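*Asks:* Sequence:
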Amino acid sequence: MMHGYAAAGFLLAILPVIATPGASMTLLVQHVTTGGRRRAVPVLLGTATGLYAHATLAVAGLSTLITHSAQAFTVVKLAGAAYLVGLGGWTWHTTTRPRPPASADRPGRARSVYVQAVLANVLNPKAASIYLTLVPQFVVPGSSVAGQILGLATVHAALMAVWLLTWTALLHRGARLVREARFRRVIGRVSAVVLVTLGLRAATA
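Sequential numbering of the sequence shown, starting at 691, is according to our numbering.
Honestly, I wouldn't trust all of these hints.
[Claimed, not checked] Taking lysine to any residue and the SDA-like style, the derived pairs with C-alpha atoms no more than 20 Å apart in a straight line are: (1) Lys816 / Val886; (2) Lys816 / Leu768; (3) Lys816 / Arg728; (4) Lys816 / Ala848; (5) Lys816 / Thr844; (6) Lys816 / Leu735; (7) Lys816 / Pro711; (8) Lys816 / Gly726.
[Claimed, not checked] Distance windows between CB atoms, simulated: (9) Ala848 / Pro711: 16 to 24 Å; (10) Arg875 / Ala697: 37 to 45 Å; (11) Thr856 / Lys816: 19 to 27 Å; (12) Trp780 / Val835: 13 to 21 Å; (13) Trp782 / Ser834: 43 to 51 Å; (14) Val835 / Gly779: 37 to 45 Å; (15) Ser802 / Ala859: 18 to 26 Å.
In case anyone wonders, no lab produced these hints; they're calculated from the structure. Predicted model only: the values in this text are computed from it and were never measured. Just so you know, even glycine gets a beta-carbon here, dropped at the ideal spot from N, CA and C.
All chains, please: the whole structure from these sequences, using the hints.
*Replies:* Now the structure itself:
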């Protein structure tokens, strides 16, 4: 069982990481500006799924194995970097295409956004490093390790959801500006550059 002081300490420690723009924020801005507030839902769910995936790996001890295998960690890091660069390239490409009609903006699109968010987190070395280095600092001996790690992942996911929902509300307040094709194109291209930059940074870190 997770102790209250451990959860509070982890929350404070994770705040700067969450406030740093990353793949989830980039995806949120990109999809909310093109598809409205409902696009925030698959981004949030995908982000939470990715965080729980890292927590599960930490519980299973696989993250520790990667830490002690330079080759395995390099493979994970490069896979994540390649995905972010590829996603950035795809995002840039989509800015040159007209926005699909509302009838095409349905469940298939939501599933695609969800998968993007999951992969952006699962293949993100920064997210992995949190569960390799930061989370163990808040695990209290004598209690269930699995319960504590999953509890901390819940704190992480909840705080991330609050952060992304706050930005969703801010983007919605600027709905008139968001509806302008030029603004969406600029946001899309900025998002593409950020994703590629994150990927290159992950590959060289």
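*Asks:* To test your reading of the hints: which numbers does this structure violate?
*Replies:* 3, 8 and 12
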